[in-house]
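In case it helps, our numbering puts the sequence shown at residues 145 to 516.
I should point out that these hints are in silico values taken from the structure, not numbers from a laboratory.
Don't take each hint at face value.
Unchecked claim - Calculated lysine-lysine pairs in the DSSO-like style (CA-CA distance at most 27 angstroms, straight line):
id, residue 1, residue 2
1, K249, K227
2, K152, K179
3, K367, K387
4, K320, K350
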Amino acid sequence: MFTRDYHKNPFIVIWELTRACELKCLHCRAEAQYKRHPLELSYEEGINLIDQIHLMDNPLLVFTGGDPLMRNDVYALAEYAVKKGVRVSMTPSATPNVTKEAIQKAKVVGLSRWAFSLDGPTAKIHDHFRGTNGSFDLTIQSIQYLHELEIPVQINTVISKYNYEVLDEMAELVKKLQCVLWSVFFLVPIGRGQAKDMISPAEHEKVLRWLYQLSKRVDFDIKTTAAQHYRRVVIQQKMREHKNRHDHIDYEDALIKGATGTIDGLGRAPKGVNDGNGFVFVSHIGDVYPSGLLPIKAGNVRSSSLANIYQNSTIFKELRDPDLYKGKCGVCEFRHVCGGSRSRAYAATGDYLESEPYCVYIPKAMRKKKPI
C-alpha cells in the first residue's frame, strides 16, 4: 500500500529547467521567451537540487520548461539523476531540436519517458494552439522516433474551447500513436492562458465523465491535471456501478478506499495529489511554488532547502489541510481525495483556499432537505 506522507515528501517534483522555447503557445503558463534567462540555476546548482530531491523519498522528477532541450546540459543533468536512482521524464517542445539523435542520446542516458503535447487531432487545431505552423507534423514525427527507439510515450493535451468538440477524434489519435499515458490538462487562466478560452463548469463535468468511460475501453492510462474533481467523478461512477450490480458497498468506505487508490483508478497518484500537496514546482531561477499554475512564491532553493520550503512554508502547510478550504470545497465529502484545483481557485478569486469555481457538484452538506 502507498504510504508516502505528503506532509514530508512530494509524490512529484516539476523542475522548469529554462523558460527558453521556440514555440508561442496561446496558453503558455511560463510566457516562454526565445532566449535563456541569465539567472537560471547553473549545472552545479542543478546537481545540488537533484541531490535534495533524491533525499525527499525519491519522488518522480519531470524536466519541463519552456523547452528543456534549450539547455545544453540537460542530458548531463538527466544522467546524474538516473545514476542516483531518480525516475526522470522530460516534456520537450516539438521543435527541430527533437532529432532522432537527440532522443537516442536521452535513451542512452536513461530517461524513462518522454512527453509531447498534442492539442488537437489535426494540424490546423494544434498549430493554432501552439502558435507555430508545422508543430503538429514535428510532434508526430518525434513520437515515431520514440517508438523506433522503444521509449514510452506520453501525450499531454490542454482542454479548451479550441478542441472541446473534437475530443473523440483526439482520443483515437492517442490510441493510434500507441501512447502509455494521456495526460489531460484543464486550462487555468495564468500566463498567456485566458479565461475566455476555458470550457464551462458543465463542460468540465461532461469531459470528466467522458474520460472515465473512455478509460474503461482503452489500453492507455488517463491522468488529469488541474481537474482534481476527476477523482470525485470516478468514485461516483464506480459506486453507481457497484449499486447497479447489487453489490454492498459503504459510501464512506468507498471514499477511504479512494484516498488509498483502490477504487479511484488513479494508480500513478494513489492519494489526492494537489498543488502543494504531494506536488512541488521549482522554477528556472530556483523559486519554489505549490505548482507552476499557482504563482505564489514560497522560497528559493538558493537560500533554503527544497525540503524545508515544502514542509514548513505557510502556503504549502495550508494547502495540505483540506479542512481549511472555503465555500463548498470546505464542506465537501470528497475534499480529501479531490480538493478542487487550488490553482484555478486562486486564478479566479485570488484566494487559493476558495472553492473550485469550475466544479458543478453540490456537497451533501449543502443540499436542501426535502420537507417531511
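So, going through the hints one by one against the coordinates:
For the given pair, K249 sits about 15 angstroms from K227 by alpha-carbon distance, which is consistent with the 27 angstroms threshold. Between K152 and K179 the CA atoms are separated by roughly 36 angstroms; this puts the pair beyond 27 angstroms, and the hint is violated. The suggested pairing of K367 with K387 holds, with an alpha-carbon distance near 25 angstroms, which does not exceed 27 angstroms. About 24 angstroms separates the Cα atoms of K320 and K350, which keeps this hinted pair within 27 angstroms; it holds.
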